[in-house]
Amino acid sequence: MTTGRKVSIYVALVLLAAVSVVPFLWMLATSFKHGPDIYTKVPNLLPVDRKTGEWAATLENYDYVLGVGGLGSAFVTSVWVCAILVPAKLLIDALAAYAFARIPFPGRDKLFVIMLAGMMVPTITLLVPRIHVTQALGMFDSGWGLIIPNVASVLDIFLLRQFFLSIPGELEEAALIDGAGRMQIFWRIVLPLSKPVLAVVTITSFLFHWNDLVWPLVVTNDPELYTLPLALQQLVASPDGGRAYYIMAGATLAVLPVIVVLLIFQRRILQGIAFTGLKG
Amino acid sequence: MSRGLVRGAVAALLAIGLTACGGGSGGGQGSDKELTFWMYQDRTPQAGQVIEKIRKDFEAANPGVTVKIVKIPKDDYNTKLGSAVASNSAPDAGILDQPLVSKFALDGTIKEVPAGLINEADYYKGALDTNRANGKLYGLPADQTCVALFYNKKLVPTPPKTWDELKQVAAQVHAADPNIAGMNVPKGDGYGGWMFPAIVHGAGGEMVDDAGKKVLFDQPPAVEALQLWVDLLKSSPRQITDSDKPFENGLAAMTITGPYDVPTIRADFPDLDFGVAPLPYKTEPAGNIGGEDSVVFSTSKNADLAWKWLVFLTNPQNNGQLADALGGFPVNVKAQVVAGGPEQAAFLEQLKVAHARPAVPQWIQINDEIIAPAIESALTGKATAQQALADAAAKTRTLLGWNS
Amino acid sequence: MTAPPLVEQQDLAPGPRGGARRRPVARRRDHLVAWLLIAPALAYFLVFLLYPALSALYYSFTDWNLRSEASWVGLANYTDLLFDDVKYPHFWKSVGVTLQYTLLSVPMTLVAAMVQALLLNAIRRGSNLFRLLLFLPVVTAEAAVGAIWRWLYDPQYGLINSALGLFGIPGQNWLNTPELVIPALAFIATWQCGISMIIYLAGLKGIPGSIQEAAIIDGAGPWQRFWRVTFPMLRPTTFYLVVTGVIAALQVFGLVYVIFSGSGRSVTGGPEQSGLTYVLHLYLFAFRYDAMGAACAMSFILLVFIMIVTALQFRFLKREAA
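Chains as they are written, first to last, in UniProt numbering: chain F, 1 to 280; chain W, 1 to 404; chain L, 1 to 322.
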């Protein structure tokens, strides 16, 4: 690659990254601003006094959202819900996807199409019947109610199946001939080869549930069970029109752990890609 | 292979089986001494403390009783309540939007106020009337509120009393500094639609006559009220007023809002020198009424206790504090208004001439889907005020089946 | 140069194709294994998708407000939605808004995602950092995204107008000008293209280096290599992203809800209903205007539409791939 091309690639990346990141810098700065300092004619990405222009960072917004805003306990709830939900969902989806991709059985493709169709019903109308079911199973307003009604995803099964289909079948065929069982093939061959897609599914489903507002809203009554997005929504939809500096402090707290998770998985994705042998 | 498979299957089954055991309790089941009450989230931390104190007082006065208060963002309240009612997990009692009381009453979702529970003379009539359906009482008001004119004293030395003065002042402000809007004119959205009747009443008009089943908002008073907003827009460009908190930031000289905005202004904009005056009118002083009602749900197993709690909230000792925490004024005539700033007088004045909104069950839908778009089309110049309202009134008549 | 088939079945059946000569017993055992693997997902599907969907289908033929008993009204909800513009004055408006949003946001998102993935794939040093930065917009809760962008688009204090001002472009009143609402929303969606970007990146890493090398030896330039090797190899990925992207865009809700909600802003869908997407409209009827029956009917009209669109995509893109 010529140096000129290299430079232009980096320039393009820096510009794109700036568009991605500036809203976050604004969020971060706002979270440290004191009340009216957010109203400056020229938006300021530093927490400074709006009149004097002097540095005026404060932690009072964090103090508020962690205490009165209830973000602390919501944080704990969100962590354990995701810690159980995401791995359980990944396992259930991967098992099903493998069967749909590799094991022929009567009616398989019809079943798959029906499940795909189910994915397309707008979830908002399923809300009330789902609450009925959750209620009937005795899970309403409980931790299980936050987990079980989300514990599989047709979309993820679709994505995993697509990926399993793209893995060359020779290895598995050889294993079958050697008399290996389905589960052995799944654990020893398919899953290790699928690390990139598993990482992608893990991240997307973690993000979805970490940020999901509607289901926790309708399924919980007990404030102890409120998740982070619910606590955040309390700040956004507050009767005084939502104070940007509180919201941004809350949003910053909600984003930090995700960035940590992302940093961990970032390496996983790389490893996955490096060791799969997919690069040929 | 089979061992691995079995392990996986067992794990999955276990996960599902366990959940069947670990259930929760919905609403107010369980101990008959626990009472669940739903309300909007606190406006301020101080408000939360006031409500907490009232809760503890009630528990102290009623040994063995626990009151569990669930606070929900106002924007999501009705969604959550609807889902809860549909799945038989409604609370014992809760706050209910004024226009929803008649609907919930008509389909039996809430209980009628037991005879002899309260002395109706203890309550402000306007506020109590928002709880009536078919002439019967289905709830108790918790607080009442209204909107008034907020003005920036630096830009508007004397508040306008009439529509003509209002237009004049707005024009002067904008002429003096084109970066400042005369007034934060309401928009054609649900909120603007809610404020609109207050202006119509100021010209001696009505939105509807629900007894006579007549739609009246295509009559001259309403058309003139809308024309007023259209005229005001000339000295109040939206490019200025569509920003965040234009009045508080000194970009709009006047705005219409309620007492609930006062604490925020005091806390975040201490430099803003503002006053509050009754709404300018054309022929007679008038305004609208808002606030929260509280009801007991039919599924409650502790209805008596729930009513006791609602009465406790509205008794002379507690109601002043509670109303202040909710951002409004007491509904009990004997309750003390919590002393506030100088703006209080204007609101109390305004409450005396307040009109309740039409008691038409479909009113929210008419407000959002028909009136709000009509207001917006006049404000954007796509139709004249007359055309917009005539069209909206015709649609409303068809929707309600009122053919006159 | 051939593109891989879109959905290639590589069934690994015991028997002739699997190589091992197994008896029907083995095959039946295999079926059992398959059902066991699918069982948890299937149970979930039946209980939390199929049953709720059928139940919503039933309600779509009723007049139901969540509180009282549902009463059967036959096809009235469907015919009223399609033809009664007094009862549902904004139904067709919401259809138009949603189509506009989909046609704008899906291509914008995919192009942005593809460009980012290609750039990231071309570098070694700093790729971790850039990937993280480009992925950041996805990780934020919708409620916060709405609050952030309402501020960025603010006509007085907004960063966007300030940035445009640097280039001498006059500021706009983005979220309050009907014509600008959909582009403004589509831009937020594009800003959040990180998931598609990661999926493209996974796809790019999956292209065997030998193919690229062969193309280089053949003397193909970067542009040619993209169109003749990379793009066709990414076709299954693009297909997946288009199909799921269209389905998601047709159901867009959270973003508009948070942008146009908040105290003092009744959720009526932005200026002149220019942000009233189909599902927001549905939501309002379900939970605000007390017409859950009609809302259910709306969701099945949408379902049929989505199925038609998806079927067309399968047919169209499959032919393309062959």
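Keep in mind that the hints were calculated from the coordinates and are not lab data.
Please read all numbers here as calculations on a predicted model, not as lab measurements.
Watch out, some of these pointers could steer you wrong.
[Claimed, not checked] Restricting the straight-line Cα-Cα distance to at most 25 Å, the calculated cross-link-like pairs of lysine to any residue (SDA-like) are: (1) 93/L / 355/W; (2) 110/F / 28/L; (3) 87/L / 403/W; (4) 153/W / 18/F.
[What the hints assert, rightly or not] Just the calculated beta-carbon pair ranges, DEER-fashion: (5) 309/L / 170/F: 33 to 39 Å; (6) 67/F / 309/L: 45 to 51 Å; (7) 59/F / 53/W: 27 to 33 Å; (8) 218/L / 55/F: 57 to 63 Å; (9) 86/L / 106/F: 48 to 54 Å; (10) 19/F / 218/L: 35 to 41 Å; (11) 226/L / 55/F: 34 to 40 Å; (12) 128/L / 175/W: 27 to 33 Å; (13) 109/F / 213/L: 34 to 40 Å; (14) 128/L / 45/W: 40 to 46 Å.
Just so you know, even glycine gets a beta-carbon here, dropped at the ideal spot from N, CA and C.
Inset, instruction - Tell me, in ascending order, the numbers of any earlier hints that this structure violates. - result: Violated hints: 1, 4, 11 and 12; rest satisfied.
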